[in-house]
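Engineer: Position 164 (the sequence shown) corresponds to 164 in the working numbering; numbering is contiguous.
Rather than coming from a laboratory, the hints here were simulated on the basis of the structure. Idealized CB from N, CA, C, for every residue including glycine. Please note that a few of the clues may not be correct.
Stated by the list, open to error - Capping the alpha-carbon separation at 27 Å, the derived lysine-lysine pairs in DSS-like fashion look like this:
#1 Lys316 <-> Lys66
#2 Lys395 <-> Lys372
#3 Lys229 <-> Lys165
#4 Lys119 <-> Lys229
Said to hold, decoys possible - Quick list of simulated restraints, FRET-style, between CB atoms:
#5 Arg157 <-> Leu337: 53 to 63 Å
#6 Arg138 <-> Asp199: 31 to 41 Å
#7 Leu72 <-> Leu355: 51 to 61 Å
#8 Tyr15 <-> Thr73: 42 to 52 Å
#9 Gly299 <-> Val21: 45 to 55 Å
#10 Tyr15 <-> Leu72: 24 to 34 Å
#11 Thr42 <-> Arg290: 51 to 61 Å
#12 Trp326 <-> Arg54: 18 to 28 Å
#13 Ala69 <-> Leu358: 27 to 37 Å
#14 Thr73 <-> Ser170: 32 to 42 Å
#15 Trp327 <-> Thr42: 18 to 28 Å
#16 Gln71 <-> Leu358: 54 to 64 Å
#17 Arg310 <-> Leu287: 23 to 33 Å
#18 Leu313 <-> Gly187: 45 to 55 Å
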Amino acid sequence: MRVLLLYRRRWGLFYLPVLAVAFAIVLMASHWWFPLPPRALTLAADEPQGSHARLAERYRDELGRKGIAVQLTYSPEGTLSPLQRLATTQDPVQAGFAHGLLSDRGPEAPVLALAVIGKQPLWIFTHTPGLTSVAQLRGQRVSAGPPGSPVRQITTRLLAQSQVKDDDVSWEPWHSPLAAANELIEGRTHAMFLIASSDSPAVRLLARSPGVYMLGVERANALAAREPKLRALVLPQGTIELRGDLPPRDLTLLYTRTHLLVRDNMHPALQRALLDAASVIHGSPALLQRQSEYPEFQGSDFPLSPHAQRYALGYKPLMEAVLPFWWAQLTELLLYLVLPVLLLAMAALLWIPQLFSLRVTALLSHYYGELKFLENDMFKLATDSPMALRDVLNKIDVMEHEVASLDLPDRFADRWYTLREHLSAARERLLTLRAR
Numbered sequence: 001m002r003v004l005l006l007y008r009r010r011w012g013l014f015y016l017p018v019l020a021v022a023f024a025i026v027l028m029a030s031h032w033w034f035p036l037p038p039r040a041l042t043l044a045a046d047e048p049q050g051s052h053a054r055l056a057e058r059y060r061d062e063l064g065r066k067g068i069a070v071q072l073t074y075s076p077e078g079t080l081s082p083l084q085r086l087a088t089t090q091d092p093v094q095a096g097f098a099h100g101l102l103s104d105r106g107p108e109a110p111v112l113a114l115a116v117i118g119k120q121p122l123w124i125f126t127h128t129p130g131l132t133s134v135a136q137l138r139g140q141r142v143s144a145g146p147p148g149s150p151v152r153q154i155t156t157r158l159l160a161q162s163q164v165k166d167d168d169v170s171w172e173p174w175h176s177p178l179a180a181a182n183e184l185i186e187g188r189t190h191a192m193f194l195i196a197s198s199d200s201p202a203v204r205l206l207a208r209s210p211g212v213y214m215l216g217v218e219r220a221n222a223l224a225a226r227e228p229k230l231r232a233l234v235l236p237q238g239t240i241e242l243r244g245d246l247p248p249r250d251l252t253l254l255y256t257r258t259h260l261l262v263r264d265n266m267h268p269a270l271q272r273a274l275l276d277a278a279s280v281i282h283g284s285p286a287l288l289q290r291q292s293e294y295p296e297f298q299g300s301d302f303p304l305s306p307h308a309q310r311y312a313l314g315y316k317p318l319m320e321a322v323l324p325f326w327w328a329q330l331t332e333l334l335l336y337l338v339l340p341v342l343l344l345a346m347a348a349l350l351w352i353p354q355l356f357s358l359r360v361t362a363l364l365s366h367y368y369g370e371l372k373f374l375e376n377d378m379f380k381l382a383t384d385s386p387m388a389l390r391d392v393l394n395k396i397d398v399m400e401h402e403v404a405s406l407d408l409p410d411r412f413a414d415r416w417y418t419l420r421e422h423l424s425a426a427r428e429r430l431l432t433l434r435a436r
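When you get a sec, could you build the whole thing from the sequences and use the hints?
Structural biologist: Below you can see the structure in the form of structure tokens.
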């Protein structure tokens, strides 16, 4: 083995490959194991004038403060819902909103809930004076969403509970919540059923329209007991508008919970950013919710994300707690990936010179060991068989020739010269013994 040749080519044979491997490890790990979160996400809502449109805009503004660009996309009636778009892996949507009654619809395997973020009551509006119960809707024109929708199914169950069969009412075609609300105001329908949040444009319009009345749900607790995705609440008199006395009496409503949904492969940092935004947006008291009631992590109708479960327990990376969002991600990448790989690479680079030292030390130790045996033989033969000293001298000559031809790096020159001096001293002692 030519140590000098390897030493001269140490950059190409050792140092550069170590640096290249370290760089490749950082690249692969930053792509597969510790990727930085994307700087943008697509958030799906319902119609541009739907109950989730304003909510999506608030999320866009809140995430924008963290440096995350949010693109809003809407799902008008008749197109794929946000939940269906999330369940479609080819769709660019990464997050969206849905109420709990949709949790058993469609392929939701890749969809997880981050939190429950609000309530969506089942609103019942009518323009018929004196109508106080859904049992009085027999023979009336009713608007309750498209066929097969959750609101249509709940409406059918409410009617059946009041001994009204599905064929006893005339179901009006459904276009959109606002269109159905306008038809009710204009008197083309007698009643409208709608699942929406309290700030939905259709709810706000109907609640304040003259000649439109709100109905409560009879035996709401009984229906909620049969359908675990529904719960009952009391809407106190004057809650919507105190001066206008809306509603004019206490009403018992059914509601389903609103969920913030994400794809199961969304980056954990983006999930935490969405949960931070949810805490800011939904933490304040509002109509139908108390202070810090939402986001809620228990009782979700969708499978809860593991990262949301840890967030609910108070887990948050230290860097995200003390640094801005993107600086925290970059710092974690440097601390947990780049720095360990860099330390390992530096250790390897420092070990390579030690490898040469060990190889040279082993080589020189071999000659010193041989010299030690020759010296022992030398003194023994000088007494027992002086004629055999010639063989010892020949071995020393061969050893001196081999040592002189060693191709060692310059920094080992002192040890090389020391070995040659020891060989020369051994030769002189041998010649002295022969001259006796």
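Engineer: Now tell me if each hint is right for this structure.
Structural biologist: Here is what the structure says about each hint:
no.: 1; hint: Lys316 <-> Lys66; in the structure: holds (16 Å)
no.: 2; hint: Lys395 <-> Lys372; in the structure: holds (12 Å)
no.: 3; hint: Lys229 <-> Lys165; in the structure: holds (23 Å)
no.: 4; hint: Lys119 <-> Lys229; in the structure: holds (11 Å)
no.: 5; hint: Arg157 <-> Leu337: 53 to 63 Å; in the structure: holds (54 Å)
no.: 6; hint: Arg138 <-> Asp199: 31 to 41 Å; in the structure: holds (33 Å)
no.: 7; hint: Leu72 <-> Leu355: 51 to 61 Å; in the structure: holds (59 Å)
no.: 8; hint: Tyr15 <-> Thr73: 42 to 52 Å; in the structure: holds (51 Å)
no.: 9; hint: Gly299 <-> Val21: 45 to 55 Å; in the structure: holds (50 Å)
no.: 10; hint: Tyr15 <-> Leu72: 24 to 34 Å; in the structure: violated (51 Å)
no.: 11; hint: Thr42 <-> Arg290: 51 to 61 Å; in the structure: violated (32 Å)
no.: 12; hint: Trp326 <-> Arg54: 18 to 28 Å; in the structure: holds (27 Å)
no.: 13; hint: Ala69 <-> Leu358: 27 to 37 Å; in the structure: violated (55 Å)
no.: 14; hint: Thr73 <-> Ser170: 32 to 42 Å; in the structure: holds (35 Å)
no.: 15; hint: Trp327 <-> Thr42: 18 to 28 Å; in the structure: holds (24 Å)
no.: 16; hint: Gln71 <-> Leu358: 54 to 64 Å; in the structure: holds (59 Å)
no.: 17; hint: Arg310 <-> Leu287: 23 to 33 Å; in the structure: holds (31 Å)
no.: 18; hint: Leu313 <-> Gly187: 45 to 55 Å; in the structure: holds (54 Å)
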